[in-house]
Amino acid sequence: KQEVTQIPAALSVPEGENLVLNCSFTDSAIYNLQWFRQDPGKGLTSLLLIQSSQREQTSGRLNASLDKSSGRSTLYIAASQPGDSATYLCAVKGRGSTLGRLYFGRGTQLTVWP
Amino acid sequence: DTEVTQTPKHLVMGMTNKKSLKCEQHMGHRAMYWYKQKAKKPPELMFVYSYEKLSINESVPSRFSPECPNSSLLNLHLHALQPEDSALYLCASSLVGENTEAFFGQGTRLTVV
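Note that the protein sequences, when read in sequence, are chains A and B. Residue numbering for the first sequence follows my numbering, starting at 9 and increasing by one per position. Residue numbering for the second sequence follows my numbering, starting at 7 and increasing by one per position.
Simulated from the structure, these hints should not be mistaken for lab results. Certain hints may be false.
Derived pair list, reagent style BS3-like, types lysine-lysine, alpha-carbon separation capped at 25 Å [stated by the list, open to error]:
#: 1; chain 1: B; residue 1: 15; chain 2: A; residue 2: 9
#: 2; chain 1: B; residue 1: 42; chain 2: A; residue 2: 9
#: 3; chain 1: A; residue 1: 9; chain 2: A; residue 2: 76
#: 4; chain 1: B; residue 1: 24; chain 2: B; residue 2: 42
#: 5; chain 1: B; residue 1: 46; chain 2: A; residue 2: 50
#: 6; chain 1: A; residue 1: 50; chain 2: B; residue 2: 15
#: 7; chain 1: B; residue 1: 28; chain 2: A; residue 2: 50
#: 8; chain 1: A; residue 1: 9; chain 2: B; residue 2: 25
#: 9; chain 1: B; residue 1: 46; chain 2: A; residue 2: 9
#: 10; chain 1: B; residue 1: 47; chain 2: A; residue 2: 9
#: 11; chain 1: A; residue 1: 50; chain 2: B; residue 2: 25
#: 12; chain 1: A; residue 1: 9; chain 2: B; residue 2: 28
#: 13; chain 1: A; residue 1: 9; chain 2: B; residue 2: 24
#: 14; chain 1: B; residue 1: 44; chain 2: B; residue 2: 15
#: 15; chain 1: A; residue 1: 76; chain 2: B; residue 2: 24
#: 16; chain 1: B; residue 1: 28; chain 2: B; residue 2: 44
#: 17; chain 1: B; residue 1: 59; chain 2: B; residue 2: 28
#: 18; chain 1: B; residue 1: 28; chain 2: B; residue 2: 47
Counterexamples of contact, computed for chain B against chain A with all Cβ distances above 10 Å [as the list claims (entries may be wrong)]:
#: 19; residue: 26
#: 20; residue: 33
#: 21; residue: 67
#: 22; residue: 69
#: 23; residue: 84
#: 24; residue: 90
#: 25; residue: 94
#: 26; residue: 98
#: 27; residue: 106
The C-beta atom is built at its ideal place from N, Cα and C for all residues, glycine as well.
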């Protein structure tokens with residue numbers, strides 16, 4: 009069964025710092041990997057989707073990389089802002105699951121202070 | 007429009023009540039999902055509908071009854087719930103296929119008293 013791990017569980021940084029969130033998964037047979045943002049008590053907002061054939065995706069200050077063979081992904085946030093404070097979840101879609109079953113990590117809770 | 011709309015946003019119900027959660031999307035997605043999320047935990051898959059047919063039931067108790075009346079709507083009917091069923095219920099949708107992106111709603115915060 010696919011296991012997804014996110015490190016660190018929590019991160020607190022001053023505004024302006026560049027930071028990296030890590031995600032690892034045990035089975036490299038995946039279709040894609042998604043990074044989500046979740047504000048307290050709210051739903052999930054999709055940030056970036058990386059297909060298994062891709063190495064990197066960028067959106068604004070966010071950059072996500074994927075190394076499928078080693079089972080790792082990183083989410084890089086440049087010039088962090090207090091508005092980036094949220095929980096960040098990564099999820100992989102395993103092969104053999106065209107119905108879109110996602111396997112989630114437990115998330116990294118990010119706090120950016122002014 | 008990349009929006010999945012869930013209603014209500016908050017729901018408080020007694021253990022003998024019957025209530026329903028509603029989810030709607032107009033992105034032409036033919037796969038729709040219910041997830042349950044407890045505090046500080048990742049979302050857990052409950053049900054998957056594909057082309058309006060139930061495809062996956064993750065051994066969810068029968069007090070949760072899903073329904074997909076058409077390609078845009080997904081309901082979750084609740085009856086005789088327990089306090090431990092209190093959670094955030096998330097609806098998601100996607101195209102049916104391999105490399106598809108999942109879109110989530112804002113969730114319904116359910117409290118069972």
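Status of each hint after checking the structure:
Distance hint between residue 15/B and residue 9/A is unfulfilled; the C-alpha atoms sit about 33 Å from each other, more than 25 Å. Between the alpha carbons of residue 42/B and residue 9/A the distance comes to roughly 19 Å, so the proposed pair stays at or under 25 Å and holds. Between residue 9/A and residue 76/A the alpha-carbon distance is near 16 Å, which keeps this suggested pair within the 25 Å criterion. The hinted pair formed by residue 24/B and residue 42/B meets the criterion: a straight-line CA distance of about 18 Å does not exceed 25 Å.
Our distance criterion of 25 Å between C-alpha atoms is met by residue 46/B and residue 50/A, whose separation comes to about 12 Å. Our distance criterion of 25 Å between C-alpha atoms is met by residue 50/A and residue 15/B, whose separation comes to about 9 Å. Distance check on the hinted pair: residue 28/B and residue 50/A sit about 16 Å apart at the alpha-carbon level, within 25 Å; holds. Restraint check: the Cα-Cα separation between residue 9/A and residue 25/B comes to about 34 Å, which exceeds 25 Å; the hinted pair is violated.
A threshold of 25 Å between alpha carbons decides the hint, and for residue 46/B with residue 9/A the separation of about 22 Å falls inside it, so the pair holds. Proposed proximity of residue 47/B and residue 9/A is supported: the alpha carbons are some 18 Å apart, at most 25 Å. Proximity of residue 50/A to residue 25/B is assessed by CA-CA distance (about 21 Å); at most 25 Å being required, the pair is judged to hold. The hinted pair formed by residue 9/A and residue 28/B fails the criterion: a straight-line CA distance of about 31 Å is larger than 25 Å.
For the hint pairing residue 9/A with residue 24/B, the CA-to-CA distance comes to about 35 Å; that exceeds 25 Å, so the pair is violated. A distance of roughly 16 Å separates the Cα atoms of residue 44/B and residue 15/B; the hinted pair therefore holds under the 25 Å criterion. Distance restraint check for residue 76/A and residue 24/B: the Cα-Cα separation of roughly 45 Å exceeds the 25 Å cut-off, and the hinted pair is therefore not satisfied. Pair hint residue 28/B plus residue 44/B holds up; C-alpha atoms about 19 Å apart against a cutoff of 25 Å.
Among the hinted pairs, residue 59/B with residue 28/B is consistent with the structure: their alpha-carbon atoms are about 17 Å apart, no more than 25 Å. Taking the CA atoms of residue 28/B and residue 47/B, the gap is about 23 Å. The hint holds against a cut of 25 Å. Here residue 26/B stays apart from chain A, with its beta-carbon at least about 18 Å from theirs, past the 10 Å limit. Every Cβ of chain A is farther than 10 Å from the Cβ of residue 33/B; the closest lies at roughly 12 Å, confirming the non-interface assignment.
The Cβ of residue 67/B lies farther than 10 Å from every Cβ of chain A, with a closest approach of about 20 Å, so its non-interface assignment holds. The Cβ of residue 69/B sits about 23 Å from the closest Cβ of chain A, beyond the 10 Å cut-off, so the non-interface label holds. For residue 84/B, the requirement that its beta carbon stay farther than 10 Å from each beta carbon of chain A is met, with the minimum near 19 Å. The Cβ of residue 90/B lies farther than 10 Å from every Cβ of chain A, with a closest approach of about 18 Å, so its non-interface assignment holds.
The claim that residue 94/B lies off the interface is violated: its Cβ sits roughly 7 Å from the closest Cβ of chain A, which falls inside the 10 Å cut-off. The beta carbon of residue 98/B sits about 8 Å from the closest Cβ of chain A, which is not more than 10 Å, so the claim that it is off the interface is violated. Consistency note on residue 106/B: stated as away from chain A, yet its beta-carbon is not over 10 Å from all of that chain's, at 6 Å minimum.
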